[in-house]
Amino acid sequence: MKKFDYVITDPVGIHARPAGVLAKEVKNYEGATVTITKGDRTVDVRKLMAIMGMGIKQGDTVTVSVDGANEEEVAAKIEEFFKTYF
Amino acid sequence: MITIQGKGVSAGVAAGPIYFYQRAEAEIQRKTNADFETEWKRFKDAQAKAIEQLGALAEKAREEAGDEAALLFETHQLMAEDLDYEEAIEEAVRGGLNIEAVIEDVRDRFAEMFASMDDAYMQARSADVKDVSNRIIGILTGAVQGGIDSDVPVILAADDLAPSETVQLDKSKILGFITEGGSGSSHTAILARTMGIPAIIGVGSQLKEEYAGREVIVDGGTGAAVLEPDAETRARLMKKQEEQRRHQEMLDLLKGKENVTKDGHSIRIYCNIGNPEDVHVVLSNDGGGIGLFRSEFLYLGCDDYPSEEYQFEAYKKVLSDMGGKEVVIRTLDIGADKQIGYFDLPSEENPAMGNRALRICLNRPEIFRTQLRALYRASAFGKLCIMFPMVASVWEVREAKKLCEQVKRELDTEGVAYSPDVQIGIMIETPAAAVISDRLAKEVDFFSCGTNDLTQYTLACDRQNNDLGRFFDPHHPAVLRLLKMVADNAHKNGIWVGICGELGADLQLTETFLSIGIDELSVSPRAVLPLRQKVRESNVAQVRDGLLGALLSDQTPV
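These protein sequences, in sequence, are chains A and B. Heads up: the first sequence at position 40 corresponds to 40 in this note's numbering, and the numbers run straight through without jumps. Just add 1000 to the spot in the second sequence (first one is 1) and you have this note's numbering.
Looking at chain B on its own, in the form it has when it is part of the complex (with noise of 0.2 Å):
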């Protein structure tokens, strides 16, 4: 038993023999062609053919993954047919050269010319450009397209598939991916997603071409690829397959329905990301917003400050990404838990009550400036709304707050263009912030409360420290009736509220969240269809009167 490990891409389970996908890559000879005539009317023929195979390919993407996935094929048809890229070829083949060697010459000059703009969308079509060209010359040499060679279905391997690899593929023929290079974001990984094909990528040189048809299991929750597994390994994952796949079943009929309760109660139930990259699991998971994006990862990232350039871009392509759909950033959280040498941090006794968060940018209002600036930028190309964490106080707020209208009258002076609408929250994660929230509805748009911080500092429990297991409970009345004072002072003062902590999933406390009138849920983006469907089966009015009278009892159950 070997077990390989990458990043699992497209959740699932799958087994079956591993195959190595075979990729025609015959060495194209260079020679002086017959004559222009002759050479020319190949092109053309190749052409036609390549352009009658992608629409042909946009019809079978779009009815397996829809419009999106039909898109891409349609674009590499347009470049087929491109005039520039035609006279391209044509100048060359009147030089005198054979056809397949110019195509190569042509592609490899335009695949150049977009890997060196500096903008990622137009760096991504390099890839569209070979595929193209590595069409037409496959049609000319008369490769076989398909890669597949196998009358069994198999675990598909290869050190990165092209977009149009994967959709020719015969998917009766394929269980699950594995490749070795790849991200989350190429189009292998999506279209994996898209088909509910487990996929894991990035394995790197784990994958060795002598594993050739052993038996391996994939999969694609935790990017774990098992060669010959011993037979509880087996029997363990076939089980997780088989429920995954009856549960996921249910969900999907779930997709594009309303977050409403049977008594007519709704919710918005929005995800948790940490990288710009996620934006499309939110999406195919049809989550409704996002209620959550924590920004660190671009410090985390980094070897120094992130720029105000690279934030903005990050940002931009977030909200672009999410079409008009709410989109909640919270500004760096960093302290406690989460270090970054550049920052200079000094080591603290209690750093989970230190300097972090809030506390840090507004200590150090030149790196909170930057960010302000990147997120209103960004705030044009979407609907933004900014977050702040770890408050206490209401002078916090207002002096963020003042951050904020110096960053914005920067803008006017400048010119520069950013959304009149974008809505400003807190995280209600100290208990003095739920205490105090009449007060600090006041001074915001809306309340997102981090219950994972709300619980420790509540119950004075350290989160990070498992022997403290039953004593950290989210569950305490403590912590329940905080959030019930919170939404009502949200309320009252016509202020949104929402929880973004790991609690907004917990399926035993969703007919409480409902009761107290919770109006946002943001949650992993895996979990938005459980949540949905536990929404879909309560019923408010049943239940929120027995909920709200134990929980504001001043009798403890037994």
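Bound-form chain A, shown alone (with noise of 0.2 Å):
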């Protein structure tokens, strides 16, 4: 499993419209899941309405999971997503 930290930045915080396409994104990564944890719940990113009610909001830090099929990579491309939309 990879793991990464990211502090919220958006002032939004996780809206639905990003949240959205992040959901989309990640069902193109066949093999791989994706889960983001804010304190002791952890969701999986393709739920969007789930994602939505964390009420995560700009400066909490949420913990970023990927777990599957090439991880590293997809790590990688999940938190350049989260550098640009959040």
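One thing to keep in mind: the hints can contain errors.
Unchecked claim - Derived pair list, reagent style PhoX-like, types lysine-lysine, alpha-carbon separation capped at 25 Å:
(1) K1325/B / K27/A
(2) K24/A / K1130/B
(3) K57/A / K1325/B
(4) K27/A / K1041/B
(5) K24/A / K1325/B
Stated by the list, open to error - Under 7 Å between C-beta atoms, here's a sample of chain A residues computed to sit facing chain B:
(6) P11
(7) V12
(8) A16
(9) R17
(10) P18
(11) G20
(12) R46
(13) K47
(14) L48
(15) A50
(16) G53
Hint data in this document are derived by calculation from the structure and do not stem from the laboratory. Beta carbons are placed, not taken as given, at the ideal position from N, Cα and C, and that holds for glycine.
Combine both chains into one complex, guided by the hints.
Take a look at the structure:
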């Protein structure tokens, strides 16, 4: 498993549109599971509404985990995505 | 003739028969499904169709109202195909319930989850989940989308309209909106405004079903809807409609254009607002920034002192919604004509000259400190300028700045982020401040002239006393000479100077302001484009010497 921590910088936090794009993006990485953890809650990023329901705000630290096929490569792509949108 | 009064949220005048929006609200039966495979396929088909419809709506919205409007439907699309949503539905269908009832249940569950979150953005997503779910249910039950079955264009009446309902409407059939509920920032209001259809919201129970089919004229500017108007009212409103239409067409051509004169002088045109909700009006009128955000509304709308957190959210919203454009927030300006119960201010013989604005803040630093903390924290989200009202002396500015420094130190200690580039300015609204503006200019980053009070104090003339009409003259040479003096002192010290009083929008003075070198005019959002038009028609080089010569001359024109 590959993990990284990320501090949300977007003023609106994790909002609907980029979260939706991320969910779609991850569906292309077959065999890899990507989750976001905040506090004691861990949610699969393909579940848009559950991710939004976590109420992740600016300044929050989340842990992103990638498990499965090509996890190094997938994690790098996801981290790039977070830097761009969140 | 019956007049219905609501809140006008999209300007314009329109006349036509009232038509009540037809919404297919067939009661959904709860029953056991035939088998999982059949029921699941029904969902997948309806889901695919919903996604297709939403894609088409997004395209339509993009053409009619731009990317912002399209984004809404793209979000709906993502929700419709969301794995979490789909899994919740799948599980319930496996439980044996029919798909229509399942979607209702899942809709309510997610809507409730969003509604209960402590974040305004997420709360608003509750309406989106409902809208998406109702679309899928509509497809499954074969309900007709569109809502209007009329051969002639109508004034559409409804309790409130969901965003997808607004966009799906055949706009060739709609002349205006009246809704019972809604707010100025609801999707309906925003879309109505961007699409240029007059809209009145919040009329409540004044709107009666029995009015269906009867003629009404709506005035989205005043918020009034007149049912079966008499001949005189009709003639007046129809004339207004024609004038507005022609005028607006001309003004809309100026959106995106620069505020520059024929001879190349440019000036910033910003907006005055009193509420975070007004930001979209600023943007839709192409305002270059906010030149005066009256923070009093936060205090006036509360029963007790608003908390730091509450203020922070409001300031942050304005700053982030303005997307990096300058936002001048004026610190608390109460007293005089604006009284607030919980401040327990003793009544005064002469409140205009009494304990007001910055004077209250300096006398009660604990109140001021809360506001300054909220402002500095919000500064991390945009381009903030803080402005102090009612300054008469240099020491007042120094004392206020000292409080700002204290607040910044506190935030440093707490590790809370704020922008290092916050500008600090003052209102010039007392003759004293104008006369010592050379000294004040060394203390601050900008001046903004509050011409309403500056006129009242300079002429010793109460602006709220209607009997003083001809004595209250904002064009008085004393006022204009003070403005020139302030502008000269600002520029000698390398700072900018604006006008945020009503005079800023006075087109008779635009050339004078350009001539004395005012850098920024802050006006009500609807005044931006008319002012831009005036600026673009002006030629400062041609009029400057004449105007300034007349202003400074010792000869009184006859």
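Evaluated hints:
{"no.": "1", "hint": "K1325/B / K27/A", "in the structure": "37 Å, violated"}
{"no.": "2", "hint": "K24/A / K1130/B", "in the structure": "22 Å, holds"}
{"no.": "3", "hint": "K57/A / K1325/B", "in the structure": "23 Å, holds"}
{"no.": "4", "hint": "K27/A / K1041/B", "in the structure": "21 Å, holds"}
{"no.": "5", "hint": "K24/A / K1325/B", "in the structure": "33 Å, violated"}
{"no.": "6", "hint": "P11", "in the structure": "5 Å, holds"}
{"no.": "7", "hint": "V12", "in the structure": "6 Å, holds"}
{"no.": "8", "hint": "A16", "in the structure": "5 Å, holds"}
{"no.": "9", "hint": "R17", "in the structure": "6 Å, holds"}
{"no.": "10", "hint": "P18", "in the structure": "10 Å, violated"}
{"no.": "11", "hint": "G20", "in the structure": "3 Å, holds"}
{"no.": "12", "hint": "R46", "in the structure": "4 Å, holds"}
{"no.": "13", "hint": "K47", "in the structure": "3 Å, holds"}
{"no.": "14", "hint": "L48", "in the structure": "4 Å, holds"}
{"no.": "15", "hint": "A50", "in the structure": "5 Å, holds"}
{"no.": "16", "hint": "G53", "in the structure": "5 Å, holds"}
Hints 1, 5 and 10 from the earlier list are contradicted by this structure; the remaining hints agree with it.
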